[in-house]
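Using the hints provided, position chain B relative to the given structure of chain A.
Protein sequence lines correspond, in order, to chains A and B.
Just so you know, we're using the working numbering here: the first sequence kicks off at 1 and counts up by one.
Just so you know, we're using the working numbering here: the second sequence kicks off at 1 and counts up by one.
Pairs involving identical chains hold if they fit within one copy or between any two copies, as the list cannot separate such chains.
30 Å max Cα-Cα, derived DSBU-like pairs, lysine-lysine:
| id | residue 1 | residue 2 |
| --- | --- | --- |
| 1 | Lys362 | Lys265 |
| 2 | Lys161 | Lys362 |
| 3 | Lys297 | Lys265 |
| 4 | Lys297 | Lys213 |
| 5 | Lys297 | Lys320 |
| 6 | Lys161 | Lys297 |
The hints are simulated quantities; they were obtained by calculation from the structure and are not laboratory data.
Because the structure is a prediction, the values reported are computed rather than measured.
Protein chains: 2
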Amino acid sequence: MSTADDKTDPLAASVRSLFEASADGTRFESSLDAKMSDVVDRFLRATTVSTEIDFDALCQQFTSSTIPIAPRDVESYIEHLSADVVRHSINTASPQYIGHMTSALPYFVRPLGRLLTGLNQNLVKIETAKALTPYEREALAMMHRALYARDDAFYETHIQKRESTLGIMTSGGTLANMTALWIARNTALGPRDGFEGVEREGLAAALRHRDCKRAVVVGSALLHYSVEKAADVLGLGTQGLVRVPVDTSGRVIVAELERVIAECKRAGTMVLALVGIAGTTDSGAIDPLPEMAAIAKREGVHFHVDAAWGGPLVLSDRYKHRLAGLDLADSVTIDGHKQLYLPMGIGMVVLRDPIAAAAIEKQAQYIIRADSPDLGKRALEGSRPGMALFLHAALHVLGRSGYAFLIEEGIRKTEHMANLLETWPDFELLVQPQMNILNYRYVPTSFRDAIAARTITSDDNAAINAFNVRLQEAQRHAGQTFVSRTSLRFTRYGADPPITALRAIMANPLTTEADIHAVLQDQLEIGRKLEA
Amino acid sequence: MSTADDKTDPLAASVRSLFEASADGTRFESSLDAKMSDVVDRFLRATTVSTEIDFDALCQQFTSSTIPIAPRDVESYIEHLSADVVRHSINTASPQYIGHMTSALPYFVRPLGRLLTGLNQNLVKIETAKALTPYEREALAMMHRALYARDDAFYETHIQKRESTLGIMTSGGTLANMTALWIARNTALGPRDGFEGVEREGLAAALRHRDCKRAVVVGSALLHYSVEKAADVLGLGTQGLVRVPVDTSGRVIVAELERVIAECKRAGTMVLALVGIAGTTDSGAIDPLPEMAAIAKREGVHFHVDAAWGGPLVLSDRYKHRLAGLDLADSVTIDGHKQLYLPMGIGMVVLRDPIAAAAIEKQAQYIIRADSPDLGKRALEGSRPGMALFLHAALHVLGRSGYAFLIEEGIRKTEHMANLLETWPDFELLVQPQMNILNYRYVPTSFRDAIAARTITSDDNAAINAFNVRLQEAQRHAGQTFVSRTSLRFTRYGADPPITALRAIMANPLTTEADIHAVLQDQLEIGRKLEA
Numbered sequence: 001m002s003t004a005d006d007k008t009d010p011l012a013a014s015v016r017s018l019f020e021a022s023a024d025g026t027r028f029e030s031s032l033d034a035k036m037s038d039v040v041d042r043f044l045r046a047t048t049v050s051t052e053i054d055f056d057a058l059c060q061q062f063t064s065s066t067i068p069i070a071p072r073d074v075e076s077y078i079e080h081l082s083a084d085v086v087r088h089s090i091n092t093a094s095p096q097y098i099g100h101m102t103s104a105l106p107y108f109v110r111p112l113g114r115l116l117t118g119l120n121q122n123l124v125k126i127e128t129a130k131a132l133t134p135y136e137r138e139a140l141a142m143m144h145r146a147l148y149a150r151d152d153a154f155y156e157t158h159i160q161k162r163e164s165t166l167g168i169m170t171s172g173g174t175l176a177n178m179t180a181l182w183i184a185r186n187t188a189l190g191p192r193d194g195f196e197g198v199e200r201e202g203l204a205a206a207l208r209h210r211d212c213k214r215a216v217v218v219g220s221a222l223l224h225y226s227v228e229k230a231a232d233v234l235g236l237g238t239q240g241l242v243r244v245p246v247d248t249s250g251r252v253i254v255a256e257l258e259r260v261i262a263e264c265k266r267a268g269t270m271v272l273a274l275v276g277i278a279g280t281t282d283s284g285a286i287d288p289l290p291e292m293a294a295i296a297k298r299e300g301v302h303f304h305v306d307a308a309w310g311g312p313l314v315l316s317d318r319y320k321h322r323l324a325g326l327d328l329a330d331s332v333t334i335d336g337h338k339q340l341y342l343p344m345g346i347g348m349v350v351l352r353d354p355i356a357a358a359a360i361e362k363q364a365q366y367i368i369r370a371d372s373p374d375l376g377k378r379a380l381e382g383s384r385p386g387m388a389l390f391l392h393a394a395l396h397v398l399g400r401s402g403y404a405f406l407i408e409e410g411i412r413k414t415e416h417m418a419n420l421l422e423t424w425p426d427f428e429l430l431v432q433p434q435m436n437i438l439n440y441r442y443v444p445t446s447f448r449d450a451i452a453a454r455t456i457t458s459d460d461n462a463a464i465n466a467f468n469v470r471l472q473e474a475q476r477h478a479g480q481t482f483v484s485r486t487s488l489r490f491t492r493y494g495a496d497p498p499i500t501a502l503r504a505i506m507a508n509p510l511t512t513e514a515d516i517h518a519v520l521q522d523q524l525e526i527g528r529k530l531e532a
Numbered sequence: 001m002s003t004a005d006d007k008t009d010p011l012a013a014s015v016r017s018l019f020e021a022s023a024d025g026t027r028f029e030s031s032l033d034a035k036m037s038d039v040v041d042r043f044l045r046a047t048t049v050s051t052e053i054d055f056d057a058l059c060q061q062f063t064s065s066t067i068p069i070a071p072r073d074v075e076s077y078i079e080h081l082s083a084d085v086v087r088h089s090i091n092t093a094s095p096q097y098i099g100h101m102t103s104a105l106p107y108f109v110r111p112l113g114r115l116l117t118g119l120n121q122n123l124v125k126i127e128t129a130k131a132l133t134p135y136e137r138e139a140l141a142m143m144h145r146a147l148y149a150r151d152d153a154f155y156e157t158h159i160q161k162r163e164s165t166l167g168i169m170t171s172g173g174t175l176a177n178m179t180a181l182w183i184a185r186n187t188a189l190g191p192r193d194g195f196e197g198v199e200r201e202g203l204a205a206a207l208r209h210r211d212c213k214r215a216v217v218v219g220s221a222l223l224h225y226s227v228e229k230a231a232d233v234l235g236l237g238t239q240g241l242v243r244v245p246v247d248t249s250g251r252v253i254v255a256e257l258e259r260v261i262a263e264c265k266r267a268g269t270m271v272l273a274l275v276g277i278a279g280t281t282d283s284g285a286i287d288p289l290p291e292m293a294a295i296a297k298r299e300g301v302h303f304h305v306d307a308a309w310g311g312p313l314v315l316s317d318r319y320k321h322r323l324a325g326l327d328l329a330d331s332v333t334i335d336g337h338k339q340l341y342l343p344m345g346i347g348m349v350v351l352r353d354p355i356a357a358a359a360i361e362k363q364a365q366y367i368i369r370a371d372s373p374d375l376g377k378r379a380l381e382g383s384r385p386g387m388a389l390f391l392h393a394a395l396h397v398l399g400r401s402g403y404a405f406l407i408e409e410g411i412r413k414t415e416h417m418a419n420l421l422e423t424w425p426d427f428e429l430l431v432q433p434q435m436n437i438l439n440y441r442y443v444p445t446s447f448r449d450a451i452a453a454r455t456i457t458s459d460d461n462a463a464i465n466a467f468n469v470r471l472q473e474a475q476r477h478a479g480q481t482f483v484s485r486t487s488l489r490f491t492r493y494g495a496d497p498p499i500t501a502l503r504a505i506m507a508n509p510l511t512t513e514a515d516i517h518a519v520l521q522d523q524l525e526i527g528r529k530l531e532a
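Extracted from the complex, chain A is given alone in its bound form:
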């Protein structure tokens, strides 16, 4: 219907009323708000992690492919949402869900989530996000200072300068890593001797111009798969990510890195970037950043650090020394939705050099003009929501000391759990934790003597692996507690076979020592049942 006359057209009236911020609209909205608060509250108070429903069975409940013709009233939709979707969601905030990098959030982010949706600003340009533009820049400057600690004059100059970019917010760590490598590639293969640069002429032409067959990114064998994805997207190919072996703590072996660099030189391969990790996804291992930074500097190569997980350690005076060398990185990825305790969807890349992002700048005559302060001109994404609201708020409400407490608590509890694991004969600690992630496994009774005597064989490890896969799946299916699993090639047992590890992450401030005990107890019981 395309009439404007609501009186004769009930559909028009009802659709339009959904958009009105009128008295009636407010009344409906308040009642929905209250309902939603109840739904969230019940969800967050659940003592289990998830329902037992089998995933494939759950899928059978979502098989409608036709958009319904008629509108449906909000109430009945919310009932469906609550019963069929929320109920079967994962309580990532549960104190006994210690298997992934998602944890409880501070309560104020939930009302802020509503504000974010209410304001509906678009950070791509100031015409759609006036105050949020300088506000986001302020939050990113705070992150820059926490990492790089430049002086007051530096920040006074750059914090709101249109030509400067201290950091770029992204939807997550994957895009942050990709953005950093995009900048590195475009800088290393920039305009020269009449060549207009990879940005304009493309990668094949850039390599021909340098008379070089191949360009690569070099980093740890344990680099997150987002870096592999970035290598593919950026045209280097996944083989263009050269992975350096790590030691039994999961840290890059510097001598191996030197060997890889020397090999690249011999082969005439151009190294576009060296990538270090501050907190591997598997184990929380921290690469030897000062040594890597020195090599990158010597070779004149961009040094990027994926600190998606570990970056916030810089906020703890007690532990920031573990990230020594991070301030030597040209770019650093940090995830807000990990150890900054913000909702999903907030990543950032922080840039040491305020003009580095010029290498990726794009304008659009019609909208992002060259001289504008629009944030969209130096970013992988275009339109995006004002997620800086969460970051800015949390930096203030928690403060540096609040974050320090959270980081230190996580490490304290990790040490507690590691001690428990070493005293319980049913478990074997596989890697000494460097942060707040633990890799361990359940050892079936028949293998315990061989573990103690260090006489375990590859076949034994294969059997123990299979057992731990079953254990983790049974635990996940039961839904009472949760720990994830991974596959490690760098433990003292070597890579043949890779060792299946249970993976616990100590980040939820609500997780107590009793919770840790309960999770292990749950695994113990499942393990014993499986053995029987």
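What follows is chain B alone, placed relative to chain A:
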């Protein structure tokens, strides 16, 4: 502090209490909820678009670069937020803000924004998003069916099949376009004759293998700058985006497209994809999709359509014929935060072939296993929030007829405004609208006769351009009403100089005919003042 004893450590107690879903937590949260509702409500009811504060002056209020040490109480932070940030935000929902693609949203998305943050699911894998995984697939299948209208058997097979991908949700249209071209590139340069494919070996090796110097994407001169960004990121270079001239309606000229394709063949340049537009950002123009699809088919080239703006026209029986040929596209970008009336941060690429996304699939031993139903394995992004909540809800609450009403209303009001512009001598309509975007300009009195007589010169146009820039900036600064501006090279006046156009977008269901009149009246008064 790393003690667990809250009694002796007030910081520990206060930080931990922020995370608790306890009785106290709930009480604080409810009070904050109420406050936030007030803030949003006041913001949305404002009759102006923005405050008059100068942007550079506003920036001077955001110059702190140090994270405060001590926590700050939530209440006082929210006061700062409300007074200094919300107040100076842009009321994109205002009925008289008709200049960008952001409009009023249905009220239920605001409580849903809170739910999204409360659930904090991570769609990268089912261990962090159980029900939301099939739920998102269901919403994407509905979009697929709206576009491609395959039969029941097709959807029964693919809707929840792990190997199939009917669409990929992204943070926005930019990433959706990039994902489509990534798939196109990896498919066109896939494994062959011992070559392992661009995905593994990279772009330079892929082109050497094909004995080809250059690979390009071909599309309209009016393609959104995100496609240029994608060409850079994907290693083609911005020169690897070949732009085809458009007619005076802003539509690709098919003969010119044929000429470009023939030239590429002559030069031995490989065409990776042909990109059409369904609703240009400037003018809402729709490319000749059936002709473009036929050419792409003949040449064996991926056909992508950027329907970020126009895609939802398929939901209107009255207007869907304008998008004829869209169902011939291999991939289609649609933005949720545009004409699906969802909050910022929701894009999607819909894929005709359910296995097309295999070309970008990545696994990670430790987390995204090959046989898993995890959505993260075929996506540009990694961790991401459950934005499908908004899409699924709106498809049901508005229904197809609700969306049809919104689309039809926008076109009706556009026609109304176009008629007004043609009768008011102060304005000149520059492009006949094909959808709900209008390009026009204010004509200072001294030029009106020349406009009528069609004797306007380039110098005249330059002067009229400068006048319209001043007019739009004055209007934006005053903050009462808002229309954006753009620069057009395809009007009857040609490209020298490009014509500065005022750009109005008729998408807000709250915008009435009186609002349209008020916006034009505002411009009229500003124009007359500037002339005086």
